[in-house]
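Colleague: What follows is each chain in one-letter form.
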Amino acid sequence: MAGAGRLALVRGLQVAAHLGAFLPLAWLVVAVPRGALGGDPVEELIHYLGMGALRLLLLTLLVSPLAKGLGVGPLLRLRRPLGLWCFVWGCLHFATWLGLDLVFAWGLIGAELVERTYILLGFTALVILAALAVTSLPALVRRLGRRWKSLHRLIYPAVLLVCVHFWWSVKSGWIEPAIYLAIALALLWWRRGALWPPGMKG
Amino acid sequence: MLIKTRRPTPIPESQVTPEAVHGDRRRILAGLGFGALLAGANARAGLLDFLSPAAPAPAVAAAPRKPLVYDRGVIPPGLVLTPEEKATNHNNFYEFGTGKTDPARHSQGLRTEPWTLRVEGEVARPGTLDVAQLIAAGGLEERIYRMRCVEAWSMVIPWVGLELGKVLKGFEPTSRARFVAFETLHDPEQMPGQKSAYLGGGIDYPYVEGLRIDEAMHPLTLLAVGIYGRTLPPQNGAPLRLVVPWKYGFKGIKSIVRIRLVETMPPTSWSRLAPDEYGFYANVNPAVDHPRWSQASERFIGPGGVLDVRRQPTLPFNGYGDEVASLYAGMNLRRHF
Chain P
1 MAGAGRLALV RGLQVAAHLG AFLPLAWLVV AVPRGALGGD PVEELIHYLG MGALRLLLLT
61 LLVSPLAKGL GVGPLLRLRR PLGLWCFVWG CLHFATWLGL DLVFAWGLIG AELVERTYIL
121 LGFTALVILA ALAVTSLPAL VRRLGRRWKS LHRLIYPAVL LVCVHFWWSV KSGWIEPAIY
181 LAIALALLWW RRGALWPPGM KG
Chain F
1 MLIKTRRPTP IPESQVTPEA VHGDRRRILA GLGFGALLAG ANARAGLLDF LSPAAPAPAV
61 AAAPRKPLVY DRGVIPPGLV LTPEEKATNH NNFYEFGTGK TDPARHSQGL RTEPWTLRVE
121 GEVARPGTLD VAQLIAAGGL EERIYRMRCV EAWSMVIPWV GLELGKVLKG FEPTSRARFV
181 AFETLHDPEQ MPGQKSAYLG GGIDYPYVEG LRIDEAMHPL TLLAVGIYGR TLPPQNGAPL
241 RLVVPWKYGF KGIKSIVRIR LVETMPPTSW SRLAPDEYGF YANVNPAVDH PRWSQASERF
301 IGPGGVLDVR RQPTLPFNGY GDEVASLYAG MNLRRHF
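Protein chains in written order, with our numbering: chain P, 1 to 202; chain F, 1 to 337.
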């Protein structure tokens, strides 16, 4: 009975994850034409999509501590939808910058990617997320076996890259990026045992 | 009047489309057989409507704006005005929040009447100026200027105001006046960003700006009281702001209450916050990048939706080099950014 109840709960949470990640995108379709993001929504759109991706990334990292802490193993099933939606938001964030801010000025895009450290950090994180998204196909998960786990640990550097990308991208005000970085560090601290196994300690 | 001779040649009257023809252009084009073409354009617009904020939501209980009496300005050839809704709904005014729509949302209650400006320091006749009297005194003129934000976007805005130099001369600057320091209203009760470092982006308020005396006295430098023919809305710096068209937008300090003429270079808010990113001069310069982004080009915020966005090259001194480059002769502009 308890097992079935938990499964139903996880199902419900899966649906909530999909809706929670999709509906704010659908909202844009209504909100942008009504001017909710201002007279020139490009910058706000980029920020909105980037913040969404960061929040989804942190939620993805929150799943394991929750599952272990609450002793509800099936919760782990939330990781894949949350992680994939994070990748979708990240792609839209990048595509908006590319297409609506720089307007596909490829020379400029290349130069900005290489010369601006914060853009390079964000882009590196997106490349990592792309690798993780592709290898989350069930067939590839099985084929990669153990290597899948080590590959997917790349989410830890990715979240740090994204937090620093956010911090360095703001014109002023460090409080908000600091809060996100602190959450990311807390989520990584919880995993310190896995990141530095006891045998590896000096 | 010297300035008129230096200005780019206005479009001859013969080339200006009569208003009636302009207003009827769709019907006229349709008559000429462009109907099918136009239909195609409209279909495209329809598909992508969701990305076209044609009419941003009006600000909540918008502050009243009065029509102004002024000499009309000329749109320099090749420039297109930014729609008024965009210029008044996309603002940087951190006293009301750091988001671009925050100022329009949170500033409508700003009390701008009565408003006095204190002019003091190295002047023979220090005193105060009442903004209502300044407007009533007449002599306002419209100046259509490019506006280039340090964040690499730009607009073309019709300001209404007076040359700052003419206003300052009335107070008789002394020979020791080498710089001009400006200060925004400091009123945390009205300006939520001044109350909280979180909302205000960590700026040390009140916001302060400065110009060299020759920059302040330059005929392009404007003390603006209006845009688009009416008094300034609060989010654009009501009731009185600075416009220096060859400098990045943050030099255009808003809601000014005090001007001091001083001997030494005054501190400025952004260079205090991040001295490696924002300098005192802040002249628009495509050759000197912001440490975190290129200044070589800019996104022009004009008519249409986000898909009509144009990326255009940024001009040295924002296109006003002929008028102002001589002010900086011999200066290393890479060092004095």
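Note that these hints are calculated values from the structure, not bench results. We put the CB at the ideal spot given by N, CA and C, even for glycine. Be aware that a few hints might be false.
Computed beta-carbon distance windows for the label pairs [to be verified]:
id : chain 1 : residue 1 : chain 2 : residue 2 : range
1  : F       : R118      : P       : A16       : 56 to 62 Å
2  : P       : W167      : F       : D71       : 44 to 50 Å
3  : P       : L154      : F       : L273      : 16 to 22 Å
These stretches of chain F come out as covered by chain P in the derived footprint (C-beta under 8 Å, 3 or more residues) [to be verified]:
id : region
4  : 85-94
5  : 97-107
6  : 201-213
7  : 297-307
Colleague: To test your reading of the hints: which numbers does this structure violate?
Modeller: Hint 3 alone not satisfied by this model.
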